[in-house]
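Colleague: So the chains spell out like this:
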Amino acid sequence: MALVLKNGIAVEDNWHFIDTCDEPVPNDFYVLPLAMWQHQFETHGPSDGTHGFWINSDEDISNCSAIQCSKALEAESLIAIKFSNFTDGRGFSTARLLRERYHYQGELRAFGHIIRDQLFMLQRCGFDAFTLAEQDNLQSASSALSDFSNAYQVAVDQPLPLFRRRDSN
Amino acid sequence: MYIYDHYDHSLIRERVAQYRSQVTRYLDGQLSEEEFLPIRLQNGLYIQRLAPMLRIAVPYGLLSSRQLRKLAEVSRLYDKGYVHFTTRQNIQLNWPRLEDTPDILEHLASVEMHAIQTSGNCIRNTTTDQYSGVSRDEIEDPRPWCEIIRQWSTLHPEFAFLPRKFEIAVCGSTEDRAAFLLHDIGVQLKTNDSGELGFEIFVGGGLGRTPMIGASIKEFLPQQHLLTYLDSILRIYNRYGNRQNKYKARIKILVKAWTPEVFAQRVEDEWQHLKEGPATLTEREIERVKTFFSDPGYSVVDDDAANRELDRLRAQQRSFSRWLDRNVIDQKQLGYAAVTLSLKPMGVPPGDVTDSQLEAIADLADQFGKSEIRSTHNQNVVITDVLKTDLFDLWQALKKYGMATPNIGTLTDIICCPGGDYCSLANAKSIPVAEAIQRKFDDLDYVHDLGDIELNISGCMNACGHHHVGHIGILGVDKKGEEWYQIQLGGSASKSASLGKVLGPSLARGAVTGGIESLLDVYVENRLMDESFLATYRRIGIEKFKERVYGSGA
Chain D
1 MALVLKNGIA
11 VEDNWHFIDT
21 CDEPVPNDFY
31 VLPLAMWQHQ
41 FETHGPSDGT
51 HGFWINSDED
61 ISNCSAIQCS
71 KALEAESLIA
81 IKFSNFTDGR
91 GFSTARLLRE
101 RYHYQGELRA
111 FGHIIRDQLF
121 MLQRCGFDAF
131 TLAEQDNLQS
141 ASSALSDFSN
151 AYQVAVDQPL
161 PLFRRRDSN
Chain C
1001 MYIYDHYDHS
1011 LIRERVAQYR
1021 SQVTRYLDGQ
1031 LSEEEFLPIR
1041 LQNGLYIQRL
1051 APMLRIAVPY
1061 GLLSSRQLRK
1071 LAEVSRLYDK
1081 GYVHFTTRQN
1091 IQLNWPRLED
1101 TPDILEHLAS
1111 VEMHAIQTSG
1121 NCIRNTTTDQ
1131 YSGVSRDEIE
1141 DPRPWCEIIR
1151 QWSTLHPEFA
1161 FLPRKFEIAV
1171 CGSTEDRAAF
1181 LLHDIGVQLK
1191 TNDSGELGFE
1201 IFVGGGLGRT
1211 PMIGASIKEF
1221 LPQQHLLTYL
1231 DSILRIYNRY
1241 GNRQNKYKAR
1251 IKILVKAWTP
1261 EVFAQRVEDE
1271 WQHLKEGPAT
1281 LTEREIERVK
1291 TFFSDPGYSV
1301 VDDDAANREL
1311 DRLRAQQRSF
1321 SRWLDRNVID
1331 QKQLGYAAVT
1341 LSLKPMGVPP
1351 GDVTDSQLEA
1361 IADLADQFGK
1371 SEIRSTHNQN
1381 VVITDVLKTD
1391 LFDLWQALKK
1401 YGMATPNIGT
1411 LTDIICCPGG
1421 DYCSLANAKS
1431 IPVAEAIQRK
1441 FDDLDYVHDL
1451 GDIELNISGC
1461 MNACGHHHVG
1471 HIGILGVDKK
1481 GEEWYQIQLG
1491 GSASKSASLG
1501 KVLGPSLARG
1511 AVTGGIESLL
1521 DVYVENRLMD
1531 ESFLATYRRI
1541 GIEKFKERVY
1551 GSGA
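Going down the list, the sequences are from chains D and C.
According to the working numbering, the first sequence holds residues 1 to 169 in order.
According to the working numbering, the second sequence holds residues 1001 to 1554 in order.
No lab work stands behind these hints, which were simulated from the structure alone.
Don't be surprised by glycine CBs; every beta carbon is placed ideally from N, CA and C.
Where hints are given, some of them may not hold.
Stated by the list, open to error - Beyond 10 Å from chain D on every Cβ pair, some chain C residues (computed):
{"hint": "1", "residue": "I1047"}
{"hint": "2", "residue": "G1208"}
{"hint": "3", "residue": "K1256"}
{"hint": "4", "residue": "S1294"}
{"hint": "5", "residue": "A1305"}
{"hint": "6", "residue": "L1334"}
{"hint": "7", "residue": "G1481"}
{"hint": "8", "residue": "G1514"}
{"hint": "9", "residue": "G1541"}
As the list claims (entries may be wrong) - To be clear about the criterion: a stretch of chain D counts as covered by chain C if any three or more of its residues have a C-beta under 8 Å from a C-beta of chain C, and this derived list gives those stretches:
{"hint": "10", "stretch": "82-92"}
{"hint": "11", "stretch": "112-121"}
{"hint": "12", "stretch": "151-161"}
Let's have the full structure, built from the sequences with the hints guiding it.
Modeller: If you want it as structure tokens, here you go:
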């Protein structure tokens, strides 16, 4: 089973990702594409915690009416954002919006093409789980989560900017 | 000048450590070429035609004499003993070894310098007026705001992988010396009717393949909202900018496609969520940053007496008089002057300085100024806060080091990118063209008589040499493997910014100086009184120039 880095620790991944609507869906721990999840939400209401959804980096969550519903993400336990290429920075904004604007509290996972050198910033934007290609080195890659001991800006991990925390201020 | 505290220090030290491990992983084959590329670019490292090139950040063009000495040392230890000042006020090392770059950054960190975000698709060095804090037309000192933007943009977690590079310029005066209308964001400091300080925000300016002048999207933004508003613009750009085609990826293309009005509305909508949030600037922070740029202490000087003495010396030495006219401006602090050191003597690539010149500049800044210098987007260096009574001594010292060429703002003060001699993107060489022009027009009387002329040369469409906004612009183009040069006329980077028009078919390299000579002849024959080249061009149009260069059959 593949390993995923969760809160800095490499653990086995028990979630099953569904790519298309013709795939068989298991009973629980499945992750739907955004459109399928939205359909399920519209027909059955909010998730019972047994499934989650994933978003492509080019999908605009502002256009997803289900996400705009205030209760939609409350019980959700996994949202994953797929990076088609590690230089596609849209997922960073999507993550912050999910956390800061839609108040999503569950696991937020980055997968697809991401590299360890991005972990610090991904974490700052609200991701707490990462699927990396370097499966054998996952634990050593996790040291990148603490590449920096501080940061200037407001982000999900630190809602106060440095200028509100400096000794002199 | 801003001084690091322990937070700033640990941040750049940690960045050096991170970069060192990235280089090690790359050299060990654990990091692929493709993945190393954006990572090294975000640390200013290009792999160039002949060698790697390391671009070092000079935040808003400000350098201390201590930093200059360190740069001289680094260029001796790790390079060929010279550095290059760029058109975005930064510094480049042209010959470092990849393996040495982490050590170079370690050296730089010891003097509060770094190479963070000097390249790559991220927020680049914020630039401003080289006369900040001393110019007579200043509304408000832009440097504290540049520093606030520098901190906000440094390792911003959300905007490290933008569709394309992103450049911000701040203008604090009535004259524009920062070319802020030609940046992704241009920030103009202003006061409103009740005397409160704020900003007018422009977006979507830029050069390159599709040159555009920035559009105003916010007429007055109160000062405390600067960062939340910038966050909003960047978020809209990060989410909706074109990522398919790198030539359509700058924010200007999005602004044009949506129209500035729609773009402004989208930013406004996003901003409603961030406005008044924790990133809102506090009075204390604004004051804290301002204290680093407060007046360095000026003596009370008899300005009239100093001017009389300068007039006496002018009468004795014509060359000193020329230098005062072209390279020296009066500061708002009476009795003080800001002096531009020309890095464009004949025969040297524009912007290149040797290690010993760097050390000489540092010594002169200590002796005559306040141990601080500024780099300019015209690739020169300014020493501010010089007592007028010291100008003659400074001039003599500068002559010794070859930095007193009295050509600032003239035809031979050429802006020029590194071009095909160094850059792997270039279509044509640019430095030999600049040199040929300087050689052709070496008669200072003639050059001074021509007055203010901006001649800008780029070796390719990327426009690092700002050819679109030169009064005369030269663009190197490749035609079936041969280097040709397109001439443009009438560009300007001032507040009445305009983009140059193509004069006609490209010229072979050997014909460029002759073409320039024809343009200048048309100007001299047609100018009225003290009319500048640009004003004459704007009055008489392009036709006469065209006829002279290509003949009446063209």
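Colleague: Decide, hint by hint, whether the structure agrees.
Modeller: Quick rundown of the hints versus the structure:
With a least CB separation of 17 Å from chain D, C/I1047 remains clear of the 10 Å interface cut-off, as annotated. For C/G1208, the condition that its CB be more than 10 Å from all CB atoms of chain D holds, with the nearest at approximately 19 Å. For C/K1256, the requirement that its beta carbon stay farther than 10 Å from each beta carbon of chain D is met, with the minimum near 20 Å. Against the 10 Å criterion, C/S1294 stays outside the reach of chain D, whose nearest CB is about 15 Å from its own CB.
A cut-off of 10 Å between C-beta atoms confirms that C/A1305 is not in contact with chain D; the least separation is 42 Å. The Cβ of C/L1334 sits about 33 Å from the closest Cβ of chain D, beyond the 10 Å cut-off, so the non-interface label holds. Residue-level check passed: C/G1481 sits 32 Å from the nearest beta carbon of chain D, beyond 10 Å. With a minimum CB-CB distance of about 46 Å to chain D, C/G1514 clears the 10 Å threshold, and the non-interface call stands.
With 10 Å as the threshold on Cβ separation, the claim that C/G1541 sits away from chain D holds: the shortest Cβ distance comes to roughly 45 Å. Under a criterion of three residues with beta carbons nearer than 8 Å to beta carbons of chain C, the stated coverage of the stretch 82-92 of chain D is upheld, 6 such residues being counted. Only residues whose C-beta sits within less than 8 Å of a C-beta in chain C count toward coverage, and the stretch 112-121 of chain D has 5 of them, enough to reach three; the restraint holds. Only when three residues or more bring their CB closer than 8 Å to a CB of chain C does the claim for the stretch 151-161 of chain D stand; here the count is 8, and the claim holds.
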